[in-house]
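Colleague: In case you want the letters, here they are:
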Amino acid sequence: MAQLSIIVNGQRHVNEIADNILLVDYIRETLALTGTHIGCDTSQCGACVVHVNGISVKSCTMLAAQADGAEVTTIEGISDGENLHPMQEAFHEQHGLQCGFCTPGMVMSAIELVEKNKDLSEQDIREGLEGNICRCTGYHNIVKAVQTAASKMQR
Amino acid sequence: MSSDLNKPIAHDSAALYVTGTAKFTDDILFPDDGLHIALGLSSVAHGKLVNVDLQEVLKAEGVVCCLTAEDIKGRNDASPVFGDDPVFADGLVSYHGQSVFAVVAHSAKQARIAALKAQITYEELPAILTIEEAISQNNLLRAPHHIEAGSVDKGLEGAPHRLQGQIKIGGQEHFYLEGQAAIAFPGEAAELHLHVSTQHPTEIQHKVAEALGIGFHQVSVQVRRMGGAFGGKESQANLPAIIAALAAVKTGKPAKLVYDRDEDMRVTGKRHDFQISYDVGFTNDGKILALNVEQFLRCGMSFDLSAAIADRAMMHAENAYFIPDMRVTASLCKTHTPSNTAFRGFGGPQGIMGMERIIDDIAATLGLDPLVIRQRNFYPDKGTSESGKPTPYGQPVTDCVIGQLVDRLSRDAHYQTRRLEIIKWNKDNPVLRRGIALTPVKFGISFNKTMLNQAGALVHIYTDGTIHLNHGGTEMGQGLFTKIAQICGDAFGLPIDRVAITPTHTGKVPNSSATAASSGTDLNGMATAAAAETLKARMATYLAAQYQADVASVRFADAQVYVGDEAISFAKAAMMCWQGRISLSATGFYATPEIHWDPDKAKGVPFYYFAYGAAVTEVAVDRLTGENRLLRVDILHDVGRSINPALDRGQIEGGFIQGAGWLTTEELVYGKDGRLQTHAPATYKIPACSDRPAIMNITLFESGGNPADTIHKSKAVGEPPFMLATSVHSALRHAIEGLITEGMPNLDAPATAEQLLMTLKGMAR
Ligand code: FES
Ligand code: FES
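Residue numbers (the working numbering), protein chains in the order written: chain A, 1 to 155; chain B, 1 to 765.
No lab work stands behind these hints, which were simulated from the structure alone. Warning: the hint list may mix true and false statements.
Derived lysine to aspartate or glutamate pairs resembling EDC-like cross-links, with alpha carbons at most 20 Å apart [said to hold, decoys possible]:
{"hint": "1", "chain 1": "B", "residue 1": "LYS109", "chain 2": "A", "residue 2": "GLU16"}
{"hint": "2", "chain 1": "B", "residue 1": "LYS685", "chain 2": "B", "residue 2": "GLU737"}
{"hint": "3", "chain 1": "B", "residue 1": "LYS168", "chain 2": "B", "residue 2": "GLU754"}
{"hint": "4", "chain 1": "B", "residue 1": "LYS109", "chain 2": "A", "residue 2": "GLU29"}
{"hint": "5", "chain 1": "B", "residue 1": "LYS250", "chain 2": "B", "residue 2": "ASP84"}
{"hint": "6", "chain 1": "B", "residue 1": "LYS685", "chain 2": "B", "residue 2": "ASP262"}
{"hint": "7", "chain 1": "B", "residue 1": "LYS7", "chain 2": "A", "residue 2": "ASP41"}
{"hint": "8", "chain 1": "B", "residue 1": "LYS168", "chain 2": "B", "residue 2": "GLU132"}
{"hint": "9", "chain 1": "B", "residue 1": "LYS253", "chain 2": "B", "residue 2": "GLU132"}
{"hint": "10", "chain 1": "B", "residue 1": "LYS761", "chain 2": "B", "residue 2": "ASP598"}
{"hint": "11", "chain 1": "B", "residue 1": "LYS250", "chain 2": "B", "residue 2": "GLU148"}
{"hint": "12", "chain 1": "B", "residue 1": "LYS685", "chain 2": "A", "residue 2": "GLU130"}
{"hint": "13", "chain 1": "B", "residue 1": "LYS253", "chain 2": "A", "residue 2": "GLU29"}
{"hint": "14", "chain 1": "B", "residue 1": "LYS109", "chain 2": "A", "residue 2": "ASP41"}
{"hint": "15", "chain 1": "B", "residue 1": "LYS685", "chain 2": "A", "residue 2": "GLU127"}
{"hint": "16", "chain 1": "B", "residue 1": "LYS7", "chain 2": "A", "residue 2": "GLU89"}
{"hint": "17", "chain 1": "B", "residue 1": "LYS109", "chain 2": "A", "residue 2": "ASP19"}
{"hint": "18", "chain 1": "A", "residue 1": "LYS144", "chain 2": "A", "residue 2": "GLU89"}
{"hint": "19", "chain 1": "B", "residue 1": "LYS73", "chain 2": "B", "residue 2": "ASP84"}
{"hint": "20", "chain 1": "B", "residue 1": "LYS424", "chain 2": "B", "residue 2": "GLU737"}
{"hint": "21", "chain 1": "A", "residue 1": "LYS144", "chain 2": "B", "residue 2": "ASP691"}
{"hint": "22", "chain 1": "B", "residue 1": "LYS685", "chain 2": "A", "residue 2": "ASP41"}
{"hint": "23", "chain 1": "B", "residue 1": "LYS23", "chain 2": "A", "residue 2": "GLU29"}
{"hint": "24", "chain 1": "B", "residue 1": "LYS23", "chain 2": "A", "residue 2": "GLU127"}
{"hint": "25", "chain 1": "B", "residue 1": "LYS117", "chain 2": "B", "residue 2": "ASP262"}
Here chain A stands alone, though its shape is the one from the complex (with noise of 0.2 Å):
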């Protein structure tokens, strides 16, 4: 067992957790934050993508005990409670989602990568979202979805 001391969007969590429980797992069954899915569990789809320290990460690679310390934050943690973040509208505006499990992971992937990079070409945002597999779309929405919010963020 771990002792995990943990800031999840905002708020602090600590709990007594065994030493192999993946990060999703605690995301979605000790917090409850459904949001992150889980995809593959091989680190491969992206649909666990959350942010540590303001990184993306597949949180289905990385132990719940890795975290400690860290500052989370999932799908449900991005808006500040009254707007949605640019990204998510994007999304929704954008049609950039059809069944919409991956879409969480994607939007959480996509805000880093323009927080990374200022003036993203399309084909840096194709390829910056390799690691997001989407089944349904196609990905032409979600590339445009990305270029409205990004050109939002980088106002």
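The hints should help you fit chain B with the ligands onto chain A, whose structure is shown.
Modeller: Just chain B with the ligands now, with coordinates in the frame of chain A:
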């Protein structure tokens, strides 16, 4: 204000998706004392179960109990039709990865760890794994069926040119991003309520009841949404649901089974791989006179839906071309592999791939542009004197638009100019080669089985003027619920935020068909419209009497009801009707008219109408590595009068990219022991964001609406665009044409980089 019909409004769950608050099955609040299940899978492809020792499993941490075939009081069967898919192997295993037992534990992790501790002894039997092996040992599920028109043998003999060939087409893993998931909640007495990620809640209800030996009325099944399905949650959702139900009954606790990705890919069936050979006769200018096609499909260890899939493959073997003398035969190969199942297109894609290969081969033989051959053989467009030529199964093609659609696409995409440029480029560039192809799609809409073409809906109006909408269709991301809400809102003259979209539930609309065959909107939209008409007629009659107006004058629009000279709000109208003791709840029902099918003669009119589309794809291939890219895609697709253009375009693009994956990177590899070796996305390559072509122009064909009397003159769009991706394969083949001396290369599908390279080196097959 008019309604939201025909507008590109967002998916009804979009706001929930982007905030992470849409609940998928595994997200539903599950009690702490609920139990979790893992499967124990066979590790041989074919063998007798000599001993299944579960002692160590039962002793493992957190384990509550195990389930085997002996725990099933009713039928040990998860199959959709033929009764040949055991829930748990009983004495015999028939594929590597078949479920032998299940473990029920306090956590999913505990269950998974425990499942690995089983000691299973097999007496291995020889396994038949491939289509070739099944053919050589004549291991078929049933005698071959065929569809025939004219006299093929005579036609072939008399033809000026004759050509034979063969193509192998690989299968495809669905890879719905949300894996199979089922939860069973025990109710009072023997009752059971399930939440399942399924396209077919009614079938789950039936299979669960049969396994438990109880009545259908004791089981209810609910699904709000799936995280993708693509046909993979039609019959394949039965197994986890039945096992969750068995566990809930045995323990008296809620029980949940969610496959992990590995398990999902090993256990479930996939798109059928095909081997197609042909013999074609044609004229000097490429007009096809006679064609004999033989299709062999790998079905796996049982029927599942293979018989219907073979029917659809046969019915699409001529694609958009009129061929006077044609015979197509389908052989259902039985193998010791997972039982292949429904997947977007349902055999149609393989049938169409076969036909497009034939066209390309004819073009290469005659030294003509394949598009010319295509155009010479199209079914005549509607409105032309030749229109109405029959398909090989006897259905007159009266609604054809493929000729004009292809003319327009080829013009708008500058096909001819680009093709000439590419031919020139290839002369000058021996390493980086380019290719271009335009291929058409004609896809029959309706379930092949006539009886499945029915649907029900349930509509309530509340006294504040809001609506509760329910129907038998399921939401898997395609936007069905949004479209039906648009239809429902429009009927009452209300915006869709006044319509509550509610989960599919066997207790609300009974005896539903699977949401499949692209038919979701056609069927459920009509049923919903029928319910709305019933309610409007009741309201109109009552309100007309109250205002001494003519019933015919009553109109529902702008969230108002206009009665004679009066305009009252819809809410007030609803309240008045309630006060007048008028029933504000109604069911609606729809059965597709005009269709019929004679399975013995293999003739009839199985489809209510056809959907049409075409795509031009340009590719580049590195001849030294086989690496390839999509450079540009232009699509023109007929969706009739679109109920929601944004959703329809989404289906077209998503379908195309999924089809391109099937034909290029997605390769299923089974080992000699029958084990699926590509059982995770690390080894099974799904198209990624960077694989999408830089230029992709999608246009909706302006047709003036579906000539058939469908809901608001729309056309089904779920499956047809998938087959637009045949243009990718043809373009790849065009790119490497002439590089090996024997002429047109025998490129199989998927055309992975490896496959392209082997083809170029003459090493394929
Ligand atoms: S679940 Fe973590 S990457 Fe797929
Ligand atoms: S919307 Fe379904 S996986 Fe992306």
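Colleague: Taking each numbered hint in turn, which are not upheld by the structure, reported in ascending numerical order?
Modeller: Hints 2, 5, 7, 9, 10, 11, 24 not satisfied by this model.
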